[in-house]
Every structure is written in structure tokens, then in C-alpha cells.
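S.K.: As given, the protein sequences belong to chains A and B, one line each in that order.
The letter at position 61 of the first sequence is residue 61 when you use the numbering used here, and the numbering goes up by one with no holes.
The letter at position 11 of the second sequence is residue 11 when you use the numbering used here, and the numbering goes up by one with no holes.
Treat the hints as calculated values from the structure; they're not laboratory data.
Honestly, I wouldn't trust all of these hints.
What the hints assert, rightly or not - Pairs of lysine to any residue, SDA-like flavour, derived with a Cα cap of 20 Å:
1) Lys96(B) / Arg18(A)
2) Lys96(B) / Ala56(A)
3) Lys73(B) / Thr114(B)
4) Lys57(A) / Ala1(B)
As the list claims (entries may be wrong) - Now the in silico label distances, taken between C-beta atoms and shown as ranges:
5) Glu54(A) / Ala16(B): 42 to 50 Å
6) Leu61(A) / Ala72(B): 32 to 40 Å
7) Asn59(A) / Thr5(B): 39 to 47 Å
8) Gly16(A) / Gln14(B): 23 to 31 Å
9) Asn67(B) / Ser27(A): 32 to 40 Å
Claimed, not checked - Coverage of chain B stretches by chain A, computed from C-beta distances (three or more under 8 Å per stretch; other residues unrestricted):
10) 57 to 67
11) 96 to 109
Built from N, CA and C at the ideal position, the CB exists for glycine as well.
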Amino acid sequence: DSGVTQTPKHLITATGQRVTLRCSPRSGDLSVYWYQQSLDQGLQFLIQYYNGEERAKGNILERFSAQQFPDLHSELNLSSLELGDSALYFCASSVVLDGGTQYFGPGTRLTVL
Amino acid sequence: AQTVTQSQPEMSVQEAETVTLSCTYDTSENNYYLFWYKQPPSRQMILVIRQEAYKQQNATENRFSVNFQKAAKSFSLKISDSQLGDTAMYFCAFMKPPNRHGSRLTFGEGTQLTVNP
């Protein structure tokens, strides 16, 4: 158990819908990262937040957005969902001063029908 | 941009034997971090081992060790005394040191390792 929690574990929804994925980092970790793992694109970095502020952005679609709240939990919002958004979404957290080692949550499997 | 390449999509090994997974990367950075993560059938991403580029000594964690060749930009993972529980997808990952612009992991395509009884 990495100490990073993600909810829900599974999510099934329809095209065009909007969903929210939630992540709670390890105690003391200020950085939260989101990654997408799909069959055709592998593991891809989406976005990073540090202590409530966006720090780095990767291949995140405009239909996707994220935020980190004062209690450090983070949410990833996916809207206007398409079949191709079906994937495993991971959250990771790190103590940046610790060389940035990232510890991953169990992931949320999103299926868009 | 950094790239990470794992040239072995699949590998298999007999229980108790030793296996080496390959990884090469491309970067113009001098300081960085390299990681191996394992993803078993549960799909959880588990950190196996970490290497800092400024350290010449190869990292070791129990049965897992790396061969880090900075000049060759190579970072292989050796698993000794393979166990059935080592069956998993293994990902090599690269990261620049965190700074005010943030940080991110860049992953290779993965190597599916199967340990046979």
C-alpha cells in the first residue's frame, strides 16, 4: 500500500458525459501528479500540482481539467467523454525535496461506452 | 524532450533464475533520476528501484539491482532468484530533478516479464 488513495476504483459512463476522479496523496506529500494509461498511448503524464498550484502540464486535453484543494487532495475532471478516453488513470504523490520519487495510487479504471 | 526505450516487449525466466531487462534513454541533461516500476496483474504501479545520475554506484534493493551506464545512457534491471510474484509489466522511467517548473515521469513502453515455475 503506497498510501495514495483514489476513488472510485471503476467508473463506467457514456460518451458525452462528465466524470470526476479523486485522489488523496500520502501524508506530508505536497505534489500530486496525474497519469493516463491506455493501450495505444502507454503511460502518459497529464498534469502536476504542488501545494495547490499547477506546476507542470503534459498531454492533457482541453476537455480535461484538474485542481488541488487546500487539504491537498486533487480532482481530475473529464468532460465530453469520448470512447478513446477509456483508460486507467493514476494519481501519484511525492515529497519534492526527496528527489521527487513518485508513489502511485491504485488507479481509477474509466470505461466510456 | 526525453525519450525512454525498452526494446524487449516480452521476456520469460524460470523460477530461481536471473533475468535482465533493458532500458535506454535519451537526454541532454546531466543530472536526473531513473526508476523501475513494476505493474502486476492488479495494475498497481509499484516502485522497484531508483537511481540518481550523479551517483556512480549502482542501486540495489534486495534481489533487484541496476546496471547504470551514464555515458551509454543505459539503465538495465537485474532480477536475481526470480519468484513467481515477480511476474509483471516492468516500466523504466526518467525524471529531471524537480524545480519551479515541476517534474514528470517519462515512461518506456514496458517489458512483460513472466516467471515460469
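S.K.: Hints first: check each against the structure and report whether it holds.
M.R.: Status of the hints after comparison with the structure:
1. Lys96(B) / Arg18(A): violated (33 Å)
2. Lys96(B) / Ala56(A): It holds: about 12 Å lies between the C-alpha atoms, which stays within 20 Å.
3. Lys73(B) / Thr114(B): violated (26 Å)
4. Lys57(A) / Ala1(B): Within the cut-off at roughly 14 Å; holds.
5. Glu54(A) / Ala16(B): 42 to 50 Å: For glutamate 54(A) and alanine 16(B) the Cβ distance comes to about 48 Å; the hint holds.
6. Leu61(A) / Ala72(B): 32 to 40 Å: holds (36 Å)
7. Asn59(A) / Thr5(B): 39 to 47 Å: With Cβ atoms ~18 Å apart, the hint is violated.
8. Gly16(A) / Gln14(B): 23 to 31 Å: violated (50 Å)
9. Asn67(B) / Ser27(A): 32 to 40 Å: holds (35 Å)
10. 57 to 67: As far as the segment 57 to 67 of chain B goes, the hint is violated, because 0 residues have Cβ atoms under 8 Å from chain A.
11. 96 to 109: holds (count 11)
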